[in-house]
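Colleague: Start counting the sequence shown at 1; every next residue gets the next number (the UniProt record's numbering).
Possibly wrong hints are sitting among the right ones.
[To be verified] With a Cα cut of at most 30 Å, we get these calculated DSSO-like pairs of lysine-lysine:
id, residue 1, residue 2
1, K184, K140
2, K123, K73
3, K21, K7
4, K140, K73
5, K73, K7
6, K123, K140
Worth flagging that the hints you see were computed from the coordinates, not collected in a lab.
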Amino acid sequence: VELLDRKLLANYISYARTHVKPRLTNDAAEALQDSYVAIRQEGGSSRRNITATPRQLESLIRISEALARMQLKEMVEPAHVREAVRLMRAATFKAAVDPHTGRIDMDALFTGTSNLARERTNKIEEATVEALRNAPNGMKAEDLLREVNQTLTAEELETLDQIEFDSHLAGLVRNSVIRETAHKVYLLVVTE
Numbered sequence: 001v002e003l004l005d006r007k008l009l010a011n012y013i014s015y016a017r018t019h020v021k022p023r024l025t026n027d028a029a030e031a032l033q034d035s036y037v038a039i040r041q042e043g044g045s046s047r048r049n050i051t052a053t054p055r056q057l058e059s060l061i062r063i064s065e066a067l068a069r070m071q072l073k074e075m076v077e078p079a080h081v082r083e084a085v086r087l088m089r090a091a092t093f094k095a096a097v098d099p100h101t102g103r104i105d106m107d108a109l110f111t112g113t114s115n116l117a118r119e120r121t122n123k124i125e126e127a128t129v130e131a132l133r134n135a136p137n138g139m140k141a142e143d144l145l146r147e148v149n150q151t152l153t154a155e156e157l158e159t160l161d162q163i164e165f166d167s168h169l170a171g172l173v174r175n176s177v178i179r180e181t182a183h184k185v186y187l188l189v190v191t192e
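Given the sequences, and given the hints that come with them, work out the whole structure.
Modeller: So, in structure tokens, the structure goes:
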């Protein structure tokens with residue numbers, strides 16, 4: 001691999017920025033449209049799991065134009081679009097793939113939590129509240145964990161170990177959903 005002189009590279013970049021303004025060919029525009037639609041369809045039929053937004057389409061256009069500019073081309077070609085899609089998938093969507101479903105989950109990218117993880121957390125909270133609602137005298141953590149894990153198993157979700165459950169309990173106590181007595185019994189906080 002031959003390295004370029006730093007000054008030559010700076011001049012090359014400056015020239016490309018100043019003089020090269022690539023435009024989309026019809027074929028490239030069609031390739032962009034097809035790629036964008038394909039990426040959106042990867043999310044499946046769920047309306048909650050949008051895999052590409054207009055912002056991603058704009059990014060694909062800019063990356064395609066930059067690739068053409070890098071080659072001092074006046075026109076963006078389908079090959080530039082294909083490379084832009086490949087780069088976007090490698091850089092962005094890798095972080096957004098839900099390891100459980102194998103599908104792109106933009107929530108995972110934007111919030112750091114996948115839809116599946118958020119649903120599981122909600123189910124844990126619902127199961128905890130429901131178990132305590134049915135136990136007016138409260139429950140010890142071990143019994144509560146057993147009840148919650150039964151619910152998770154019935155919903156085909158991953159069960160909790162004691163450490164993870166303790167973390168969830170602490171969050172519910174912190175948010176005043178439940179309270180812990182001196183005897184390590186958990187009670188539902190009643191709000192009127």
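Colleague: Now, for every hint given, state plainly whether the structure supports it.
Modeller: Structure-based check of each hint:
no.: 1; hint: K184 / K140; in the structure: holds, 6 Å
no.: 2; hint: K123 / K73; in the structure: violated, 54 Å
no.: 3; hint: K21 / K7; in the structure: holds, 22 Å
no.: 4; hint: K140 / K73; in the structure: violated, 69 Å
no.: 5; hint: K73 / K7; in the structure: holds, 22 Å
no.: 6; hint: K123 / K140; in the structure: holds, 19 Å
In terms of the numbered hints stated before, the structure departs from hints 2 and 4, listed from lowest to highest.
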